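Number of protein chains: 2
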Amino acid sequence: METVSENRCFGGIQTVYKHRSAVCACEMTFAVFLPPQAGNGKVPCIWYLSGLTCTHENAMTKAGLQAHAAEHGVAIIFPDTSPRGDHVADDEAYDLGQGAGFYVNATKAPWNAHFKMYDYIVKELRDLVEGAFPLNGRHGITGHSMGGHGALIIALRNPDLYQSVSAFAPISNPTQSAWGRKQLTAYLGDDEAEWADYDATILLRERGWNGEILIDQGADDQFISLLRPHALAGVVTENCQPAVLRMQDRYDHSYFFVSTFGGDHIAWHAERLRGANHTLTISREAAQ
Amino acid sequence: METVSENRCFGGIQTVYKHRSAVCACEMTFAVFLPPQAGNGKVPCIWYLSGLTCTHENAMTKAGLQAHAAEHGVAIIFPDTSPRGDHVADDEAYDLGQGAGFYVNATKAPWNAHFKMYDYIVKELRDLVEGAFPLNGRHGITGHSMGGHGALIIALRNPDLYQSVSAFAPISNPTQSAWGRKQLTAYLGDDEAEWADYDATILLRERGWNGEILIDQGADDQFISLLRPHALAGVVTENCQPAVLRMQDRYDHSYFFVSTFGGDHIAWHAERLRGANHTLTISREAAQ
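From first to last, the protein sequence lines stand for chains B and V.
Mapping to the numbering used here: the first sequence position 101 is 101, numbers consecutive.
Mapping to the numbering used here: the second sequence position 277 is 1277, numbers consecutive.
Read the hints as simulated data drawn from the structure, not as lab findings.
Keep in mind that this is a model prediction, so the values were computed, not measured.
Honestly, I wouldn't trust all of these hints.
[Stated by the list, open to error] Here are the computed lysine-lysine pairs in the BS3-like style, where the Cα-Cα straight-line distance is at most 25 Å: (1) B:K42 / B:K123; (2) V:K1108 / V:K1123; (3) B:K62 / V:K1062; (4) B:K62 / V:K1123; (5) B:K18 / V:K1062.
[As the list claims (entries may be wrong)] Pairwise CB distance ranges (calculated): (6) B:E2 / V:T1053: 21 to 27 Å; (7) V:K1108 / B:R20: 50 to 56 Å; (8) B:R20 / V:Q1176: 56 to 62 Å; (9) B:H87 / V:P1134: 51 to 57 Å; (10) V:S1005 / B:P110: 42 to 48 Å; (11) V:L1161 / B:G39: 41 to 47 Å; (12) B:M247 / V:K1042: 26 to 32 Å; (13) B:M247 / V:P1134: 24 to 30 Å; (14) V:T1185 / B:E57: 34 to 40 Å; (15) V:K1108 / B:H87: 34 to 40 Å; (16) V:A1267 / B:M1: 37 to 43 Å; (17) V:A1025 / B:E130: 54 to 60 Å; (18) B:M1 / V:L1161: 36 to 42 Å.
[Stated by the list, open to error] Which stretches of chain B does chain V cover? Using the computed rule of at least three CB atoms under 8 Å from a CB of chain V, they are: (19) 199–205; (20) 256–267.
Every residue gets a Cβ at the ideal spot worked out from N, C-alpha and C, and that includes glycine.
Can you build the whole structure from these sequences, using the hints too?
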């Protein structure tokens, strides 16, 4: 693990690292923010998964999450969105290949040689950061757009590994969207049964989530038809899944939207990662 | 004035505009953040001047100032750092020409055709934004690095136009620095007497400032020898100039530094722009 850069930030440290990934069979870059509290003991961490065309850097520089993480004493892990390199398969489209890993384990050539972002996030990078940093073993996960999709499917499939989950404008139902069908076909093949493990709407319907889920969506999001928030909202209401779905008036898909609500998400995760048996305030009130 | 982009942000609006500048004789781009309070009346504004190689965009996307501006009810103006265009003179070096206007009115060819950033900020763009947005006529000014230099020299020369001034890691004494001598020679010529109007250390010594000045400087700033904070600090101490100079332990020159202390600066300006006859707390305590 090689340090690429290190900057003091809100009393903590924002660092970028490179390492050789066995899972993705290439060099991978990721960033870690350690809050000041990490100097005095172990802290929980929140994974932030980025969207299409992004790297580890977008949220690190534009989302303003470090201020809130420093306040609440949580670390943030910012992984890249795909394997990278001249020897890694790619596509001319912005929404396939490098920068568009969709957090799947690809099974079809040429993608299956490197595109294993699911295992990379859930296993390899998790083990690496748990060994390298003062983390207390409690993990939350969030993300934006394609990264919101990643956060939801990873948490829903691994409820023992993640104590909290949220998302910003997630791709909620990729098996029914042009942001999904093309990529799942390329990475996994034509058999749509193979896709279900990577669709948050399907996973939530089948498995539920033992806790609340927080999702913010901009009402003026230019990609809302691709994100399909109504599909996920349908499952929430049908299953009485504890959740807070916020349709934010006049917000779009940009990082101005993410940064506006970033503080709420960090606080939300921090509360659940503290380990208290928190009260499901909103759903209980609604039931009374 | 043409709208380039518009994004909802912290309950306000972050907009980017293009307009034809008569002063710079080219098309110029700038950004404005209007806080939610601007929907109900006029608000004060803070000018944020960026550093070398930057545009209107860097602070807008990376400094996280909008959260604080929305809290305090102040607008922020983010100008570009120089004239731009194929017909505008430039230099291969990153620190001269486009992206490196140094907030001067150039008098020497080829720069004098377009490089009039001092007049652009103090007069043309000020008139434009005062006419276009719900501003109440009270202005603060701040900036980073070359932009910190710009903020200081502009405020010191125009105490009637600015009610508050601060800076992040400003180029404090450009007449004695490689970040200054080269550019002032190019833009103004060899007569160093012409340079004094663009040197914050000289201006503060000669004119003082009727109020406090807030300056943050990273102790691990990789450019500190070019910034020469000791020169400005020398004048502050010699003249007993009310000021808060903070040498921030372990911080560098990056936007991680700017964003960490951005909230303090916005609050500082907001307090002074509210128009109250504020107390010089720190200097009075020090005197007791």
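So, going through the hints one by one against the coordinates:
no. : hint                         : result
1   : B:K42 / B:K123               : 20 Å, holds
2   : V:K1108 / V:K1123            : 21 Å, holds
3   : B:K62 / V:K1062              : 5 Å, holds
4   : B:K62 / V:K1123              : 31 Å, violated
5   : B:K18 / V:K1062              : 23 Å, holds
6   : B:E2 / V:T1053: 21 to 27 Å   : 26 Å, holds
7   : V:K1108 / B:R20: 50 to 56 Å  : 53 Å, holds
8   : B:R20 / V:Q1176: 56 to 62 Å  : 47 Å, violated
9   : B:H87 / V:P1134: 51 to 57 Å  : 55 Å, holds
10  : V:S1005 / B:P110: 42 to 48 Å : 37 Å, violated
11  : V:L1161 / B:G39: 41 to 47 Å  : 44 Å, holds
12  : B:M247 / V:K1042: 26 to 32 Å : 31 Å, holds
13  : B:M247 / V:P1134: 24 to 30 Å : 28 Å, holds
14  : V:T1185 / B:E57: 34 to 40 Å  : 36 Å, holds
15  : V:K1108 / B:H87: 34 to 40 Å  : 51 Å, violated
16  : V:A1267 / B:M1: 37 to 43 Å   : 38 Å, holds
17  : V:A1025 / B:E130: 54 to 60 Å : 58 Å, holds
18  : B:M1 / V:L1161: 36 to 42 Å   : 52 Å, violated
19  : 199–205                      : violated (count 0)
20  : 256–267                      : holds (count 5)
Of the numbered hints listed earlier, those contradicted by the structure are 4, 8, 10, 15, 18 and 19.
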